[in-house]
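So the chains spell out like this:
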Amino acid sequence: MAHFMTLPEAVAQNLNSGDTAAFEGFTHLIPHASAHEALRQGIKDLTLVRMTPDLIYDQMIGMGAVRKLIFSYAGNPGVGLLRRLRDSVENGWPHKIEIEEHSHAAMANAYEAGAAGLPFAMLRGYKGAELARVNPNIKSVTCPFTGEELAAVPAIRPDVTFIHAQKADRKGNVLVEGIVGVQKEAVLAAKRSVVTVEEIVDDLSAHPNACVLPGWTVTVICEVPGGAHPSYAHGYYPRDNASYIAWDRIAADRDTFLAWMKENVLDATPEVFDDRVSHLRSRS
Amino acid sequence: MAHFMTLPEAVAQNLNSGDTAAFEGFTHLIPHASAHEALRQGIKDLTLVRMTPDLIYDQMIGMGAVRKLIFSYAGNPGVGLLRRLRDSVENGWPHKIEIEEHSHAAMANAYEAGAAGLPFAMLRGYKGAELARVNPNIKSVTCPFTGEELAAVPAIRPDVTFIHAQKADRKGNVLVEGIVGVQKEAVLAAKRSVVTVEEIVDDLSAHPNACVLPGWTVTVICEVPGGAHPSYAHGYYPRDNASYIAWDRIAADRDTFLAWMKENVLDATPEVFDDRVSHLRSRS
Amino acid sequence: MIETDFTPTEMMTIAAARALKNTDVCFVGIGAPSAACNIARLTHAPDVTLIYESGTIGTAPSVLPLSIGDGELCDTAVTTVSVPEMFRYWLQGGRVTVGFLGAAQIDRFGNINTTVIGEYDHPKTRLPGGGGAPEIASSCGEIFITLKQSKRAMVEKIDFFTSFGHGEGGDHRARLGITTKGPTLMVTDLAVWRTDPVTHEFTVVLLHPGVTREMVQAECGWTVRFADEVDETPPPTELELTTLRDLNARTKAAHSGAHTGDAA
Amino acid sequence: MIETDFTPTEMMTIAAARALKNTDVCFVGIGAPSAACNIARLTHAPDVTLIYESGTIGTAPSVLPLSIGDGELCDTAVTTVSVPEMFRYWLQGGRVTVGFLGAAQIDRFGNINTTVIGEYDHPKTRLPGGGGAPEIASSCGEIFITLKQSKRAMVEKIDFFTSFGHGEGGDHRARLGITTKGPTLMVTDLAVWRTDPVTHEFTVVLLHPGVTREMVQAECGWTVRFADEVDETPPPTELELTTLRDLNARTKAAHSGAHTGDAA
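Residue numbers (the numbering used here), protein chains in the order written: chain A, 1 to 284; chain B, 285 to 568; chain C, 569 to 832; chain D, 833 to 1096.
Next comes chain A alone, as it looks inside the complex (with noise of 0.2 Å):
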């Protein structure tokens, strides 16, 4: 059954350095507010999982915290490149990370076959391309009834995955609408999870086929409104385009990347995320 503490209490309960954590969320809902912590509490040798890695594994990566980053697509979507990741892998600024590269439909299946117990995901997936040929861990099966050959991936099962959720309920049954990404997977993956929501309520009003994890399935629901910030939270605010533009920015620069993450996440709390959205509320 979830419990209900603190953020600060839940990363300190449920995430290790060295640990295999996944931070997941498709563009949107994407926990925000987990990753800054995290990096407060100075969390290291992380190997990080994600489909997308944008901003946060950018600034988790640039901050020293990344041992290995397994993903799929590595952008600032819209706007242009991970400066971070860039300079860790061209320059290995501030160490070169390791990376374990899939496409999309490989990461998908491969967190699918994780939340449904398998050791491994088949797709139909990387004909002629080169990803396969740098990837060992990209093999393939064959179809015992057409003789097929299906490329195959090993399934994800991150020690920790950290979701960022629209509400729980009191029982901590958290509920997701919307664009629900991977997440699901990739808390049903998981050894633990953290769940952050933008409110507790007494009841979901869930549609009996919304994306609901039951409570019994989550290991800790931490309440963090404006959690997902810049990224969006359906229903409570929009996506905030703006700091992902200025972000390019930020990153681009060693000493404007540090000093920007001392005032804006080391020096601060999870509290003021919520500030951070009330301007955004309005146009949700």
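Accuracy of the hints is not assured; some may be wrong.
Looking from chain D toward chain B, a few residues come up when the C-beta cut is under 8 Å (computed) [unchecked claim]:
| hint | residue |
| --- | --- |
| 1 | T881 |
| 2 | G890 |
| 3 | A909 |
| 4 | T911 |
| 5 | T912 |
| 6 | R920 |
| 7 | Q924 |
| 8 | G925 |
| 9 | R927 |
Computed cross-link-like contacts, DMTMM-like style, restricted to lysine to aspartate or glutamate with a CA-CA straight-line distance of at most 20 Å [what the hints assert, rightly or not]:
| hint | chain 1 | residue 1 | chain 2 | residue 2 |
| --- | --- | --- | --- | --- |
| 10 | B | K455 | B | D329 |
| 11 | A | K96 | D | E1070 |
| 12 | C | K820 | B | E293 |
| 13 | C | K692 | B | E293 |
| 14 | C | K725 | C | D764 |
Listing some non-contacts, in silico: residues in chain C with all C-beta distances to chain A over 12 Å [what the hints assert, rightly or not]:
| hint | residue |
| --- | --- |
| 15 | T572 |
| 16 | E653 |
| 17 | V766 |
| 18 | D799 |
| 19 | P802 |
| 20 | T819 |
| 21 | K820 |
FYI, nobody ran anything at the bench for these hints, they're computed from the structure.
Don't be surprised by glycine CBs; every beta carbon is placed ideally from N, CA and C.
Since chain A is already given, all that's left is putting chains B, C and D on it; use the hints.
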């Protein structure tokens, strides 16, 4: 894009003798009206696919329309066995049908693989289970990462799938709510699909993550209110349990069965279903 | 308060219900288990999570469903998922602590047959088949079984291995690479049976009030093994019995409904 | 009415939009394709189905999304599915008629690189990676590509095969067992290119108004092949141009918003 037509037209244009057909529904939303129309049109030699063959497949088997059955649980839920199925398998009346038998997990995965365009499904299944001995379509694959052996079954790809749903809008988008079973997969896995609905509306008013089949994935929509009876349509009318209980007596005797089929199916029309649920609507 | 006036079936359902813990996640098999699971929920285990294979998770029906997909299961569930998701994420995903099964035919090692009586290709009686049972038996943390005793049901050798219990006993399960516990408990209308930790044979540990060893053997097709110490099953409490009878009465009223007769 | 005052980018977007039919189901790649796909929807193809990899199916945004997962894509969609379902049922399921991709680097056979400039292990520039592209390229009925021409983007040899077009040309695609058509169309800011049916090399079939063969060659890293008959791309109609400019204006207004500056 889905075409709108009457159920007799839809069956005439989409179901041929010799086809592999799925009339899916997992207790909820079983497409009774479509199955009855298929019997009226004298379609024969069908390979019927379904996880839970119940009354309609019992009826189709008893009427001699079925060559082969692919299934995982053949019972009258909560009532007993399927007596027409038994009479065929045990006594060859009206003829002996061929059987391909799976577990629910395998059938659900096989539909899922069909919807996903894969040639087969894999699952951790059939361990120690004797179906693997009697069904040559249960094979295995080996995980290329862990060496674990997993069960493999061919994907299900029906020539045509029939389902019943709550609503369609005028563009043919279909909404299924409540116990959604394997209907989405059964439609997406099939070459053609016929969807009967309780009503056609201007706006589905569907939750963003509800089970919706876009109009371009469906071949035909037919408005047949009550078309699931004595199964139910969540939000429209409840399950007519008394009719399920009564079926056990009707199906127990060949002559009683044939007389019932003549009166209630062969001499009936799709329009009678609306009447059959009229007394149930108030209980919904 | 202890009741003394109850039927063997009531005792069976209540004894089975007691085996579920408040923290269990239980996959409810079709038939007999449904009553036991819901009595557990309505008495000592209000937070037990009941899952039906129709996709309903955390359901809390006020009447017992006739089918495993009645509308009330969905209306009262925490969430309702598709059937492929049910079998992939929830059952195969290893999230279910207890699978609760009935049985048409069972042997002393908890192997179950619900497929055929007689030969598979030429059956004397064609039963419904396995449904969810083959993977419930291998994927759930452990398996509880409940059925009414009879020599027809409890046999020396089952006709077909629909779902695997402990096979030939001993470490047969482990030899097949199955990592879950398999059948650990059987509750009949006469007794409570636990699996021997070594041989994995069902062993009577409790006799229901008024039941003798001879009565258990008379309704069982194999030579019954009894534990060194066999106690008496605590009789139903007033709460248990009232809860069960109320549930059965609500269920009967709900399912009898006006019979339409003209369509099935 | 025909407009004569338009930019090469506007011509590119409009020419790309024209390639989509009203009955197409289009998987919209990140970046440049989004504008073309939505202009198609807002002009001649109102019923075109646009799918974004974020899970939104049949979406109809009033402004262009900055990301492929902006909220309006969900608000206006027929349905929104999970990302695993998107890649399994919808893309791999073979339901998408056209995959519309951009490209950081492309060769004459429609092979695309969005992974690295330089060596994979020691890249000069680390690009975002493939995202959905590897399987979009193999699973969609055919592939349309749109990009602004430059010698940096259109190269003799790409640094990395992120997604496979026609490989070395000819029947290379079929030899790998890929049954879909692959790239059939490329629309740049200077020309419209079709794939040669035999060599599968991109061939200029239309030059945008005012563009010469020399201008196309000047911004292309390989020796450009021209069709036997090269026509002029019909210039934008007033409707097309107005629709595009309105869309761009709405988009700009929506994305600029008040900059918070204190959190990203």
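Here is how each hint holds up against the structure:
1. Annotation: interface hint on T881 of chain D holds; nearest CB of chain B at approximately 6 Å, less than 8 Å.
2. The beta carbon of G890 of chain D is positioned within 8 Å of a beta carbon in chain B (closest approach about 5 Å), and the interface hint is therefore held.
3. Annotation: interface hint on A909 of chain D holds; nearest CB of chain B at approximately 7 Å, less than 8 Å.
4. Restraint check, T911 of chain D versus chain B: the minimum CB separation of about 4 Å is within 8 Å; hint holds.
5. At a threshold of 8 Å, the smallest CB-CB gap from T912 of chain D to chain B is about 5 Å, leaving the interface hint in force.
6. With a least beta-carbon distance of about 4 Å to chain B, the hint placing R920 of chain D at the interface is held under the 8 Å criterion.
7. Contact between Q924 of chain D and chain B, as hinted, is supported at the beta carbon level, the nearest pair being about 5 Å apart and thus within 8 Å.
8. For the restraint placing G925 of chain D at the interface with chain B, the shortest Cβ-Cβ distance is roughly 4 Å, inside the 8 Å limit, so the hint holds.
9. Interface restraint check for R927 of chain D: the shortest CB-CB distance to chain B comes to about 7 Å, inside 8 Å, so the restraint holds.
10. Among the hinted pairs, K455 of chain B with D329 of chain B is inconsistent with the structure: their alpha-carbon atoms are about 34 Å apart, more than 20 Å.
11. For the suggested pair K96 of chain A and E1070 of chain D, the alpha carbons sit about 52 Å apart, so the restraint of at most 20 Å is broken.
12. With a C-alpha separation of about 41 Å, the suggested pair K820 of chain C and E293 of chain B falls outside the 20 Å cut-off, and the hint is violated.
13. Note on K692 of chain C and E293 of chain B: the hinted pairing is violated, with a Cα-Cα distance of about 41 Å set against a maximum of 20 Å.
14. This hinted pair checks out: K725 of chain C and D764 of chain C have alpha carbons roughly 19 Å apart, not beyond 20 Å.
15. The Cβ of T572 of chain C sits about 37 Å from the closest Cβ of chain A, beyond the 12 Å cut-off, so the non-interface label holds.
16. A Cβ of chain A approaches the Cβ of E653 of chain C within 12 Å, the least distance being about 9 Å, so the stated non-interface status is violated.
17. Distance to chain A confirms V766 of chain C as a non-interface residue, since its nearest Cβ pair spans about 29 Å, more than 12 Å.
18. Non-interface call for D799 of chain C relative to chain A: holds, since the shortest CB-CB distance, roughly 32 Å, exceeds 12 Å.
19. A cut-off of 12 Å between C-beta atoms confirms that P802 of chain C is not in contact with chain A; the least separation is 28 Å.
20. The Cβ of T819 of chain C lies farther than 12 Å from every Cβ of chain A, with a closest approach of about 22 Å, so its non-interface assignment holds.
21. With a least beta-carbon separation of about 27 Å from chain A, K820 of chain C lies farther than 12 Å from that chain, consistent with its non-interface assignment.
When held up to the earlier numbered hints, the structure conflicts with 10, 11, 12, 13 and 16 and fits the remainder.
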